[in-house]
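First to last, the sequence lines map onto chains G and C.
Heads up: the first sequence at position 400 corresponds to 400 in my numbering, and the numbers run straight through without jumps.
Heads up: the second sequence at position 138 corresponds to 138 in my numbering, and the numbers run straight through without jumps.
Quick caveat, the hints were computed from the structure, so don't treat them as lab data.
You may find that some hints are simply not true.
As the list claims (entries may be wrong) - Per label pair, the in silico range of CB-to-CB distance:
hint, chain 1, residue 1, chain 2, residue 2, range
1, C, T150, G, T194, 50 to 58 Å
2, G, H35, C, T298, 54 to 62 Å
3, G, K328, C, I302, 55 to 63 Å
4, G, P341, C, G490, 38 to 46 Å
5, G, V315, C, P94, 52 to 60 Å
6, G, D318, C, T298, 35 to 43 Å
7, C, G392, G, K328, 56 to 64 Å
8, G, P239, C, G392, 30 to 38 Å
As the list claims (entries may be wrong) - Every beta carbon over 10 Å from chain C, so not counted as near; a handful from chain G, in silico:
hint, residue
9, L91
10, A107
11, Y126
12, T199
13, T203
14, K225
15, R261
16, A262
17, S277
18, G336
Claimed, not checked - Covered stretches of chain G, going by a simulated chain C footprint (3 or more residues, C-beta under 8 Å):
hint, stretch
19, 250–260
20, 263–269
The C-beta atom is built at its ideal place from N, Cα and C for all residues, glycine as well.
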Amino acid sequence: MRALRIDRSVSRFAISRIAASVSTARAAKISSLEHVTIDLPECPGKGWMTLRPLLTGICGSDLALVEGHASPYFEDWVSFPFVPGHEIVGLLEDGTRVVVEPVLGHAARGHKPPHPDAAPGDGDDYAHLALPPLKPGIQTGFCCSTGGGWSEHLWVHESQVHRIPDSLSDEAAVLIEPLAGGIHAALMAIRSITQNEHTEPTTEPVIAVLGAGTMGLAAIAGLRKFAPSAKIVVGARYPVQHRFAAALGATEVVSPDDLARAVRRHTGCHMVGDYLSSGAHATIDAVGNSASVDQCIRLTRPRSTVVLMGMPANVSVDMTGLWHRETKLAGSYTYGTENLPDGSSARTFDLAIELAAEIGADRLLSATYRLHEYADALAHAGASGARGDFKIAFDLRPINKESH
Amino acid sequence: MPRPGFVQEVDRSTPPQLFWRGENFSLEKLPADRSRVIYAPEPHDPIKDIDGAIRHALLNPIDSDPLPELLFPGMKLTIAFDDVSLPLPKMTRPDIRQRVIEAVLDLAADAGVDDVHIIAALALHRRMTEDELRHALGDRVYDAFAPHGTLYQHDAEDPDNLAFLGATPEGEEVEINKRAAESDLLVYVNINLVAMDGGWKSTATGLASYRSLRHHHNPQTLLHSNSLMDQHRSELHKSNWRMGKIMRDNGPKIFQIETTLNNDSFPEPFGFLGKREWEWNARDRATFVASSKALNRTPSSIARKIFHSIEAPHQMTSIQAGEVEAVHKITTENVYKQQIVEVQGQTDILTMGIPYICPYNVNSIMNPILVMCTALGYFFNMYRGKPLVREGGVIIMTHPTPWEFNSVHHPSYIDFFEQVLSETTDGVRMHKEYEKKFAEDDWYRHLYRTGNAYHGVHPFYMWYWGTHAMHHCGRIIIVGGDVRAVRRLGFTPASTLNDALEIASDVVGRTPTITHMRVPPLMIADVK
Numbered sequence: 001m002r003a004l005r006i007d008r009s010v011s012r013f014a015i016s017r018i019a020a021s022v023s024t025a026r027a028a029k030i031s032s033l034e035h036v037t038i039d040l041p042e043c044p045g046k047g048w049m050t051l052r053p054l055l056t057g058i059c060g061s062d063l064a065l066v067e068g069h070a071s072p073y074f075e076d077w078v079s080f081p082f083v084p085g086h087e088i089v090g091l092l093e094d095g096t097r098v099v100v101e102p103v104l105g106h107a108a109r110g111h112k113p114p115h116p117d118a119a120p121g122d123g124d125d126y127a128h129l130a131l132p133p134l135k136p137g138i139q140t141g142f143c144c145s146t147g148g149g150w151s152e153h154l155w156v157h158e159s160q161v162h163r164i165p166d167s168l169s170d171e172a173a174v175l176i177e178p179l180a181g182g183i184h185a186a187l188m189a190i191r192s193i194t195q196n197e198h199t200e201p202t203t204e205p206v207i208a209v210l211g212a213g214t215m216g217l218a219a220i221a222g223l224r225k226f227a228p229s230a231k232i233v234v235g236a237r238y239p240v241q242h243r244f245a246a247a248l249g250a251t252e253v254v255s256p257d258d259l260a261r262a263v264r265r266h267t268g269c270h271m272v273g274d275y276l277s278s279g280a281h282a283t284i285d286a287v288g289n290s291a292s293v294d295q296c297i298r299l300t301r302p303r304s305t306v307v308l309m310g311m312p313a314n315v316s317v318d319m320t321g322l323w324h325r326e327t328k329l330a331g332s333y334t335y336g337t338e339n340l341p342d343g344s345s346a347r348t349f350d351l352a353i354e355l356a357a358e359i360g361a362d363r364l365l366s367a368t369y370r371l372h373e374y375a376d377a378l379a380h381a382g383a384s385g386a387r388g389d390f391k392i393a394f395d396l397r398p399i400n401k402e403s404h
Numbered sequence: 001m002p003r004p005g006f007v008q009e010v011d012r013s014t015p016p017q018l019f020w021r022g023e024n025f026s027l028e029k030l031p032a033d034r035s036r037v038i039y040a041p042e043p044h045d046p047i048k049d050i051d052g053a054i055r056h057a058l059l060n061p062i063d064s065d066p067l068p069e070l071l072f073p074g075m076k077l078t079i080a081f082d083d084v085s086l087p088l089p090k091m092t093r094p095d096i097r098q099r100v101i102e103a104v105l106d107l108a109a110d111a112g113v114d115d116v117h118i119i120a121a122l123a124l125h126r127r128m129t130e131d132e133l134r135h136a137l138g139d140r141v142y143d144a145f146a147p148h149g150t151l152y153q154h155d156a157e158d159p160d161n162l163a164f165l166g167a168t169p170e171g172e173e174v175e176i177n178k179r180a181a182e183s184d185l186l187v188y189v190n191i192n193l194v195a196m197d198g199g200w201k202s203t204a205t206g207l208a209s210y211r212s213l214r215h216h217h218n219p220q221t222l223l224h225s226n227s228l229m230d231q232h233r234s235e236l237h238k239s240n241w242r243m244g245k246i247m248r249d250n251g252p253k254i255f256q257i258e259t260t261l262n263n264d265s266f267p268e269p270f271g272f273l274g275k276r277e278w279e280w281n282a283r284d285r286a287t288f289v290a291s292s293k294a295l296n297r298t299p300s301s302i303a304r305k306i307f308h309s310i311e312a313p314h315q316m317t318s319i320q321a322g323e324v325e326a327v328h329k330i331t332t333e334n335v336y337k338q339q340i341v342e343v344q345g346q347t348d349i350l351t352m353g354i355p356y357i358c359p360y361n362v363n364s365i366m367n368p369i370l371v372m373c374t375a376l377g378y379f380f381n382m383y384r385g386k387p388l389v390r391e392g393g394v395i396i397m398t399h400p401t402p403w404e405f406n407s408v409h410h411p412s413y414i415d416f417f418e419q420v421l422s423e424t425t426d427g428v429r430m431h432k433e434y435e436k437k438f439a440e441d442d443w444y445r446h447l448y449r450t451g452n453a454y455h456g457v458h459p460f461y462m463w464y465w466g467t468h469a470m471h472h473c474g475r476i477i478i479v480g481g482d483v484r485a486v487r488r489l490g491f492t493p494a495s496t497l498n499d500a501l502e503i504a505s506d507v508v509g510r511t512p513t514i515t516h517m518r519v520p521p522l523m524i525a526d527v528k
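Can you make the complete structure from the sequences, with help from the hints?
Rendered as structure tokens:
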């Protein structure tokens, strides 16, 4: 089968990091990503089945790999060579159309789940991610034992698949995984407010979101759904991001440089130097670099939480403000089982499937490419914001096949 | 003998007209046979013996006892003065306020008065810097009073230092500076640069609180002030005059001192800016070319410093003192004498070049909101009778309109531009939905009271100032402005004057009449 595969090559990672400063397309050509013909790995075991991807998205973490920006942290949590791609909608062998919850959790790896009905992402011990029978891999798309979505076939475990309704198009379904990530971050932010013993209860919390790419928009949609009275203040770089953020429920959308002032207006606090005296009740950083982390700390009220949704890798931040303000930095990696504001619980993916239909998620899919056009696809994904676009995906459907 | 104002009909032989463009200017050719240019009267001769005139006014006031007879030992005397927004540009030292205040202080000393406070009547304007206070009052006054805390600036947000004097029958609350209200005598020292200034507006506005100001600084009042330069047709002035009655009945005795200046606005080498183009000599033309080319290459921050360092040679043409209304009647006549130009009929298109300065950006940036206010709040309102531009007509202004703000002086302007104007340009709606939040914002209040920031509500007032023009005109076009900033204002951007005229043709047809206001120097069009 045809696939895009990435191999471990320290020298190529370094070169592609340099090339990425010129263009993602150049980085893709130089990196250890190859368009190859390979065999599907051996079946990992009981409960596994083959999936034929229909559409697979290109995520920021995929781009980080191609561009050589991924953190060395992942060295021990992935297994080379692997086929990337974890935002997958596809068909099982019996023709069932599903989306993949890509975390390779306890059930998929034959380990005891942390609790009955646990989602793949649940639990507080990551040992299973690096232990046999599978090779290390935090997710499908980072593990050589399973394959990934940037290929014609891969293995998926029964614990990973979610059937999707016929009414939901492939184009909307490929956004479910990022939507789940956004919902998870949104719920983390909301819980950080309701559980914050230092803040007076409020029915209209101010929640800031820095960044309005696909993940930022997903978080905005999640916040609006689960905190309907919140004032969601968004810093977005491009005009199209402004429009989509507003359409998905942002109270106010401003340029990233103006986000602190906008938060100040809504909270009525002071600005002391570059810091707000108080600030947002919670902030979601959907960018994930030094400047964004620094900015989010400055505009979040003391003793409150900054949720890091954008994968930050190496950052350099003056942490004095964080120390003085007793700010909590909380990573938001994926999804699992969520405790909702009304006291109930639900799987993040189930919430995302509902939300994808509610918001018409297909409008966030801006362009698709065939697998062999990977350099163009990655270049487009790397510049999607500047080009007025959001999600870019590989189209693995037979040519001329209509989407659902 | 200074020549009166003049309306030049443009024909093919008429030289191009000067248009201000912020910290620069250009020459523009207006269409022949349907354009005209209005020039201000030439600067009137100043009073030769200024100190003598001041003393004469204080000793021979109108409808009042002479000032020495109002002064007595043990009394509380407060002297209030107009702030940094006047005059424009700042005048060469000694400022007229210094001369008047020194004369008042001399008389106070002669009378044995030792409880004297001097207050900058800045209403909701920014606090003046020490340099600005020294420029306005002179070093002698500053050094004698400031170190002892008896020279200070009015604080419209200090509840402990405001006094409520009552309300008008219309429900307008009159609340002014407590020290001024509780004084045995309040001497107000005014500079009447335009007809809008002075009278009861000096005290009822300059020394008032937000609680009081909101009754006349609102869209309804300003929509019905036609024009602000015509007191008898201005709701703003009627409101101030009603408040004046409350002050006269319940407040301190007031001794009003009003001065007028001539319109000699620019020193050499910028003297050509005040001249009519066909009278430019070779040196004027060379200076224009050299300065405009140099300014094109000069960073705006440096150009701004150069222009704001200009000290105008304008000098006092009259001074009158005594009872507020009687004094102001004469002052207004003197302003009109210097500034009135008779103009026959209205025009389809009114053009104006917006200079680098307005009352609210002294030593600061002319941000987009102030560009709007200068054009629509001030220049449009420089009329008596009817507006220069007909109802449904077009205003075309030239200014770079940078998306740029002084964060120290105009913090709430930044938020107003970002938040309010992105939602609405309707003054009534912003008044209802946003004004209170800005007015009561604790951070803006803090910066106004302790820094050099305009009050949080001030950008709203600037917007309201343009309300009448915005309702009156069919389209407003800015030539050479930052396109995004111009659109945020709700106006139409154009690259050149010709483009602007083409755009305007959608509203006023292909052969509209055009009138260019050649300001500054300031003028008032008496439209017949």
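Hints and how they fare:
Separation of T150 (chain C) from T194 (chain G) is about 54 Å and conforms to the stated range, judged on CB atoms against 50 to 58 Å. A hinted range of 54 to 62 Å for the beta carbons of H35 (chain G) and T298 (chain C) is consistent with their spacing of about 55 Å. Distance hint check: the CB atoms of K328 (chain G) and I302 (chain C) are about 46 Å apart, inconsistent with the given range 55 to 63 Å. Checked against the hint of 38 to 46 Å, the pair P341 (chain G) and G490 (chain C) passes, with Cβ atoms roughly 40 Å apart.
Look at V315 (chain G) against P94 (chain C): about 58 Å separates their beta carbons, and that is inside 52 to 60 Å. A hinted range of 35 to 43 Å holds for the C-beta pair D318 (chain G) and T298 (chain C), which are about 36 Å apart. Between G392 (chain C) and K328 (chain G) the beta carbons are some 59 Å apart, a value that agrees with the proposed interval 56 to 64 Å. A beta carbon spacing of about 33 Å between P239 (chain G) and G392 (chain C) agrees with the range 30 to 38 Å that was offered as a hint.
Under the 10 Å C-beta cut-off, the non-interface status given to L91 (chain G) relative to chain C holds; the minimum distance is some 46 Å. Interface exclusion of A107 (chain G) from chain C stands, the closest Cβ pair being 49 Å apart, more than 10 Å. Once the 10 Å rule is applied to beta carbons, Y126 (chain G) is consistent with being away from chain C; the minimum gap is 44 Å. For T199 (chain G), the non-interface assignment is confirmed: its Cβ lies about 18 Å from the closest Cβ of chain C, beyond the 10 Å cut-off.
No Cβ of chain C approaches the Cβ of T203 (chain G) within 10 Å, the least distance being about 18 Å, so the stated non-interface status holds. With a least beta-carbon separation of about 24 Å from chain C, K225 (chain G) lies farther than 10 Å from that chain, consistent with its non-interface assignment. For R261 (chain G), the non-interface assignment is contradicted: its Cβ lies about 6 Å from the closest Cβ of chain C, within the 10 Å cut-off. Not every C-beta of chain C lies more than 10 Å from that of A262 (chain G), the closest at about 7 Å, which undercuts listing it as non-interface.
Listed as a non-interface residue, S277 (chain G) fails to keep its Cβ farther than 10 Å from every Cβ of chain C; the least gap is roughly 8 Å. For G336 (chain G), the shortest C-beta to C-beta distance to chain C comes to about 38 Å, beyond the 10 Å cut-off, and the non-interface label holds. Interface restraint, the stretch 250–260 of chain G with chain C: holds (3 residues with C-beta to C-beta distance below 8 Å; minimum three). Residue count for the stretch 263–269 of chain G with a Cβ under 8 Å from a Cβ of chain C: 4. That meets the three needed, and the coverage hint holds.
Violation of the numbered hints given earlier is confined to hints 3, 15, 16, 17; the remaining hints are satisfied by the structure.
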